[in-house]
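Peer 1: Okay, here's what each chain looks like letter by letter:
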Amino acid sequence: MLPIFVIIPLGGAFLIPIIAKFKEEWAQVVANLCAGLLLLFSVASIFWLKTGIKVYDVGGWKPPFGICMVLDGLTVLMLLVVNLIGCMALIFSIGYIKKYTAPKLYYTLFCLLLVGLNGVVISGDLFNLFVFLEITSIASYALVAFGTEADELEAAFKYLVLGSVASTLILLAIGMLLGHVSTLNMADISRSLNFSTSKELILYCLALFMMGFGLKVALVPFHAWLPDAHPAAPAPMSAMLSGVVIKTIGVYALIRVVFNIIGFTPAISSLFIWLGIISMSVGVLLAIGQWDFKRLLAYHSVSQIGYVIFAIGLGTPLGIIGGLFHLFNHSLFKSLLFLNSGAVEYSTGVRQLDKLGGLSNQMPVTSNTCLVASLSIAGIPPLCGFWSKLIIIIAAFQANNIIGAIVCILVGMVTLASFLKVQKYAFMRKAEQAISSIKEAPFSMQLAMVVLAVLCIAVGLFFIPFVDSIIKPAAATLLEGTGYAKIILGI
Amino acid sequence: MSLYLLCMVLFAIGLYCLLVKKNLVKKIIGLVITEYAINLFFILLGYRTGGEAPILSKDVVVTNFVDPLPQALILTSIVIGLGIMALMVAIAMRIYEKYKTFDINEIRRLKG
Chain A
1 MLPIFVIIPL GGAFLIPIIA KFKEEWAQVV ANLCAGLLLL FSVASIFWLK TGIKVYDVGG
61 WKPPFGICMV LDGLTVLMLL VVNLIGCMAL IFSIGYIKKY TAPKLYYTLF CLLLVGLNGV
121 VISGDLFNLF VFLEITSIAS YALVAFGTEA DELEAAFKYL VLGSVASTLI LLAIGMLLGH
181 VSTLNMADIS RSLNFSTSKE LILYCLALFM MGFGLKVALV PFHAWLPDAH PAAPAPMSAM
241 LSGVVIKTIG VYALIRVVFN IIGFTPAISS LFIWLGIISM SVGVLLAIGQ WDFKRLLAYH
301 SVSQIGYVIF AIGLGTPLGI IGGLFHLFNH SLFKSLLFLN SGAVEYSTGV RQLDKLGGLS
361 NQMPVTSNTC LVASLSIAGI PPLCGFWSKL IIIIAAFQAN NIIGAIVCIL VGMVTLASFL
421 KVQKYAFMRK AEQAISSIKE APFSMQLAMV VLAVLCIAVG LFFIPFVDSI IKPAAATLLE
481 GTGYAKIILG I
Chain B
1 MSLYLLCMVL FAIGLYCLLV KKNLVKKIIG LVITEYAINL FFILLGYRTG GEAPILSKDV
61 VVTNFVDPLP QALILTSIVI GLGIMALMVA IAMRIYEKYK TFDINEIRRL KG
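First to last, the protein sequences are chains A and B. So the first sequence is residues 1 to 491, counted in the numbering used here. So the second sequence is residues 1 to 112, counted in the numbering used here.
There could be a bad hint or two in this list.
Rough simulated footprint, nothing fancy, chain A against chain B, three-plus residues with beta-carbon under 8 Å [stated by the list, open to error]:
{"#": "1", "region": "17–30"}
{"#": "2", "region": "47–55"}
{"#": "3", "region": "69–81"}
{"#": "4", "region": "85–96"}
{"#": "5", "region": "99–110"}
FYI, nobody ran anything at the bench for these hints, they're computed from the structure. Being a predicted model, the structure only gives us computed values, none of them experimental. Yeah, the Cβ is synthetic: ideal placement off N, Cα and C, and Gly gets one too.
Full structure from sequences and hints, please.
Peer 2: Have a look at this one:
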C-alpha cells in the first residue's frame with residue numbers, strides 16, 4: 001500500500017493540465033481530491049503501524065539490492081504533517097488563487113510538491129531520497145517565483161542558487177558513502193558503516209550532510225534565503241514552505257541520516273544544541289523589528305526550527321519527544337499564521353503592519369484564528385505550543401543544559417512580544433482611515449483557517465493521548481539509532 | 001588518484017565562479033560546472049582500469065567489469081540538473097525583463 005502516497009499526487013499532477021483544458025474549475029477539484037485522499041491514507045497509516053513496521057520492495061527486489069519504501073513511526077508522523085497541511089493549503093487556495101493567472105499550473109506544481117514530500121518521507125533508499133528531495137525543491141523554486149514580479153523572481157533566484165548548492169553537497173556526500181560501502185539502501189549503509197574503520201570519511205560525509213541539510217533547514221549561518229523566499233510565494237505556498245518543506249527535506253532528512261545511518265554521538269549532540277540555540281535567538285531578534293507581516297513570520301520559522309533542532313540534539317528520550325512534538329505543532333500554527341497573512345493580504349492588499357488596523361471588526365474569523373495561532377506560537381497554556389515548549393525546557397533541565405533552557409524561556413518571551421505587536425497593529429487598534437469596504441475572506445479560506453485553529457486547541461487540550469499514540473513511536477524510531485538496520489533488513 | 005583530485009579542482013572552480021561572479025549568467029554557468037564535477041566524481045567511482053561493460057551472457061565471462069550503478073544514478077542526476085538549469089535560465093530571463101540588467105549589484109531589492 002505504501003507507493004500510493006506517491007502515486008496519487010503524481011497521477012493528479014498529470015491529470016490536472018489535461019482536464020483543465022476542458023474546464024478550468026476541474027483543476028482545483030482534482031487537486032483537492034488528491035489531497036483529501038492522501039490525508040485519509042495518512043490517518044489510516046497510524047493504524048497500519050500498530051501491526052509493526054512495513055517494508056515495501058519496489059518491483060519485488062529485496063532490500064539490500066532493490067529500492068524499498070519504509071513505514072515506521074517517524075514516517076507516520078511526517079506523512080500526517082505533510083498531508084494535513086497540504087490538504088488545508090489546497091482548500092485555502094480555492095479562494096486565494098483567483099488573483100493569479102494560470103491556476104492550473106499552480107495546482108500541477110502543488111501536486112508535484114506533494115509527490116516529492118511524500119516520497120522523501122517514505123523512501124528507504126538514500127539516492128531515492130535525493131531524487132524526491134530534488135522534485136520537492138524544483139516545485140518549490142517554481143512556486144516561489146509564481147507571482148513573476150521583480151521581488152518574487154529575485155527571491156526565487158536566490159533560493160534556487162542556494163538550494164542547488166545544498167543539493168550538490170548532499171549528492172557529493174551520497175557519492176562518498178556509495179564509494180565506501182557500495183550500497184545505497186539506508187539500512188544496509190548503516191549496517192556496513194558499523195564495520196567501517198575510516199572514521200575520517202564518515203566525519204567528512206557528516207560535515208557535507210550538515211551543510212547541505214542545514215541550508216535546506218535554514219539554520220542560522222545558512223538562513224539568508226529564507227526570509228526572502230518564504231514571503232515571496234503565494235500565501236498557501238508560504239504555509240507549505242514554512243510548515244512542511246523545511247521540516248521534511250531539512251529536519252526529517254537530517255535526523256534520519258544522522259540518527260539511523262551514521263549514528264548519534266556526543267559531538268553531533270553539541271553541534272545540534274549550539275546550532276539550535278543560535279538559530280533560536282538570532283531568528284527571534286531579527287523577527288521583532290520587521291514590519292512586513294509575512295517577513296516577520298518567516299524569521300519566526302528560523303527561530304522555531306531552532307527549538308526543534310536544539311531539543312532533538314539533546315538526545316534524551318524526553319528531548320526527542322519534545323522536538324518532534326514541537327515540529328508537529330509548529331507546522332500547525334505557522335501554516336495557520338501564513339494563511340492568516342494571506343487572508344489579510346487578499347482583503348486589504350497590504351502586508352505592512354503599520355498600514356493595517358482595526359481588522360478585528362471587519363474580519364472576525366481571520367482575527368480570531370490569528371489570535372489562537374499567535375498565542376500558540378508564543379506558548380500560552382493550554383494551546384499546543386505551550387506543551388511542546390514545556391517538554392523541551394524540562395528536557396533541557398534534565399540534560400543539565402541550563403543555558404539552553406534559559407535561552408528557550410527568553411526566546412519564548414520575545415516571541416510573545418512580537419506577536420502582541422502583530423495583534424495590536426493589524427487587528428486590535430483603531431483604523432486610521434475608514435476601511436468599511438474591507439470584507440471577510442471567502443468561505444474556503446475561512447474553512448481552512450478554522451480547521452487549523454481548532455486543531456491547535458484540540459492538540460493542546462488532548463496532548464497526552466496525542467503524544468502517546470503518534471509522537472512516541474516516532475521518537476522510538478530515532479532512539480533505535482543504527483538498530484534501524486536490523487529491523488528493516490530483518491536480520 | 002590524480003583524476004579524483006582534478007575532479008575536485010573542477011568542483012572548486014565551479015563553486016568559486018558561483019560565489020565570486022556578479023553576473024547572473026556566470027553564476028548559472030558556475031552552478032552547472034559544480035554539477036558536472038559531481039557527475040564526473042560518480043562516474044570515477046564506478047570506473048575500473050581496463051574494465052569491460054557489465055553485460056551478462058552465456059558464452060562470455062567478464063571478470064573485471066565497470067560498476068554500472070553510478071552510471072545509472074548519474075543519468076538521473078543529469079536529468080535533474082537539466083531541469084534546474086532550464087528553470088534558472090527562465091527566471092534569469094524574467095529578471096532581465098524586470099530589472100534590465102544581469103548584475104546582482106543592481107538586483108537587490110530584498111535584504112536577506
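Peer 1: Each hint needs a verdict: does it hold in this structure or not?
Peer 2: We went through each hint and held it up to the structure:
1. 17–30: holds (count 3)
2. 47–55: violated (count 0)
3. 69–81: Answer holds; 6 residues pass the 8 Å Cβ test.
4. 85–96: With 6 residues closer than 8 Å to chain A, the region 85–96 of chain B meets the three-residue bar; holds.
5. 99–110: holds (count 5)
When each numbered hint is compared with the structure, a violation occurs for hint 2 only.
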